[in-house]
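Taken in order, these protein sequences are the chains called A and B. Sequential numbering from 643 applies to the first sequence in our numbering. Sequential numbering from 36 applies to the second sequence in our numbering.
Please note: incorrect hints may appear among the correct ones.
[Stated by the list, open to error] 30 Å max Cα-Cα, derived DSSO-like pairs, lysine-lysine: (1) 766(A) to 723(A); (2) 785(A) to 766(A); (3) 723(A) to 174(B); (4) 766(A) to 810(A); (5) 810(A) to 843(A); (6) 785(A) to 843(A); (7) 767(A) to 810(A); (8) 767(A) to 121(B); (9) 174(B) to 121(B); (10) 810(A) to 255(B); (11) 723(A) to 843(A); (12) 121(B) to 766(A).
I should point out that these hints are in silico values taken from the structure, not numbers from a laboratory. Only a predicted model underlies this, so the values are computations on that prediction, with no experimental measurement involved.
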Amino acid sequence: MTTAAPKLEVCSATKKFGNLTAVSDVSMRVENGELRAIIGPNGAGKTTFFNLITGFFPPTSGDILMDGLNISRVPAATRVKMGMGRTFQITEIFPELTVRENTRIAVETGLGFSLRAWLNAAEKKRVVDASEEVMTMANLTSKADRLVGELSHGDQRSAEIAMALALKPSLLLLDEPTAGMGDEETYHVTGMIRRLHRDSKYTIVLIEHDMRVVFHLADRISVLAEGKLLAEGTPGEISANEHVQNAYLGKAE
Amino acid sequence: MSTVTTRADATVVRPWQQLVVIWALLLTAPFWLPLVGGYTAVAARVLVMALAAMGLNLLLGYTGVLSFGHAAYFGLGAYGAGLTLKYVAHSTPLAIVAGTLLGGIAGMLFGLLLVRRRGVYFAMVTIAFGQVCFYIAYKWDDFTGGYDGLRGFVRAPLDFGLFTIDITNNGMLFYYFVVVVFGLAVGLQALILRSPFGRTMLAIRENERRARFLGLPVEKHIWISFSISCFFTALAGTLYALLNNFADPLGLNYIMSGNIVMIAVMGGMRTFWGPLVGAVLFVLLQDYVSSMTTNWMSFVGLVFVLVVLFFPRGLMGVLQRKPSA
């Protein structure tokens with residue numbers, strides 16, 4: 643018996659922009675069903691690393707594997723079809739459309755209906771049900787007919803996660819899901835991510851600045867600093883790691 | 036077929052109310068127009084320009100991509116219809132199909148070269164293609180009539196076998212013919228906008244990056260949207276040739292492209308019926324002011340500036356609820 647390939651494997655990925663090395667020789671292995679948090683100070687290369695994984699641009703060197711397949715040169719849209727869903731650091735939604743329309747477009751695209759001129763009754767029901775399901779997961783059912791652009795910041799982030807979920811991804815990448823949120827919104831979104839992980843068994847990689855969220859959610863944590871992987875381990879190991887404390891977490895509590 | 040709202044509860048006037056008012060006015064136009072000093076040919080011209088602008092608006096208002104060269108497809112439609120009537124067969128339906136195909140297929144081909152361009156670059160390349168078509172029609176005297184335009188054809192009566200409808204000499208019957216074609220075309224547009232594909236157009240307009248990261252092949256969708264848009268504008272062009280029994284090289288010129296954009300923007304490019312309202316305003320201004328002064332374009336320009344300043348969402352946009360946030 644061979645062991646199943648990890649959901650995501652990054653092998654010595656490097657990304658250079660001219661003379662700047664944004665990501666330097668980073669390797670990472672995320673198992674199926676794992677929730678991995680990536681932390682690090684501003685400018686550590688976290689979002690660049692995300693962009694490499696999602697195919698926003700190709701790595702300068704190194705490889706990215708999903709389910710054992712090398713996807714380093716595969717376009718972003720194809721990676722989405724392979725099951726990679728992502729949200730952005732700055733919320734990317736369709737602001738002048740309703741929550742329902744936002745999720746519906748995502749569902750229809752995920753089901754391969756995006757070029758269709760019509761849907762039959764069964765297909766339409768599938769779309770509507772799936773759209774309702776992700777709105778329920780994101781706790782947005784009561785706001786389904788509001789324009790997304792009019793919602794609170796926290797609800798907009800939730801709507802973006804709902805759209806990513808609508809594609810039924812096997813790997814979900816969340817770039818600072820609680821950025822700019824108040825305590826209550828952070829609490830709700832953290833709860834949603836935990837449910838996705840524990841109950842729906844999503845494999846999730848998230849970048850996060852809020853250490854309460856990270857230590858509460860993550861199975862394992864990777865610490866990036868100046869483009870390099872500084873440490874990796876369980877939340878307990880990371881909080882005890884001297885290098886990490888010096889570089890990032892800060893000794894003075 | 037109804038107004039496609041991109042938001043629930045978006046309009047002050049309900050979509051079905053708009054539909055009733057618009058169709059009641061269109062269907063009765065030949066009867067009330069003379070009472071207000073109009074004539075049927077003006078109403079037909081309104082519908083033709085409205086259809087051209089509604090075709091453009093699929094791209095401009097719904098996909099969020101600006102073409103400044105739609106006169107090319109309008110003009111190709113007109114020449115296609117005229118040339119068919121003059122050289123091929125004395126058949127109005129055939130002329131419409133041929134002209135629509137000519138303009139639409141040209142749009143599909145140009146579109147292939149366009150879809151990776153964005154914003155002002157997209158607009159510039161569309162102008163360039165438009166001007167290429169204009170100069171071909173302008174210079175090819177023997178075939179297209181050159182500077183003088185294509186003459187020597189007349190729209191043919193509609194032959195249904197058992198009976199014929201004489202749209203050739205009867206202006207009112209021709210108007211109703213245009214109403215029917217317009218109705219079928221905008222009905223089809225409404226269906227497209229309500230389809231899954233139509234929603235992807237909105238998605239691209241709203242946020243191209245998000246659309247891409249949903250796995251949407253954005254370039255392909257823009258190309259299809261551009262092509263569909265060209266087919267509708269070309270269809271309008273064929274009706275324009277039938278209306279005037281004449282195809283004008285200026286119908287291919289970038290000034291015409293600008294007029295089509297202006298009609299959509301004045302009427303409200305984020306609304307389904309906006310271009311129709313814009314066409315009413317534009318054609319009436321053109322008709323009345325040009326009878327008084329040759330500088331009618333400067334009046335149209337002034338009205339355009341006023342509309343854009345005071346109704347930035349266009350005249351129909353006024354009926355839409357403002358975002359409350």
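#### Entry: Violating hint indices (sorted, rising)
The structure breaks hints 3, 8, 12; every other hint is satisfied.
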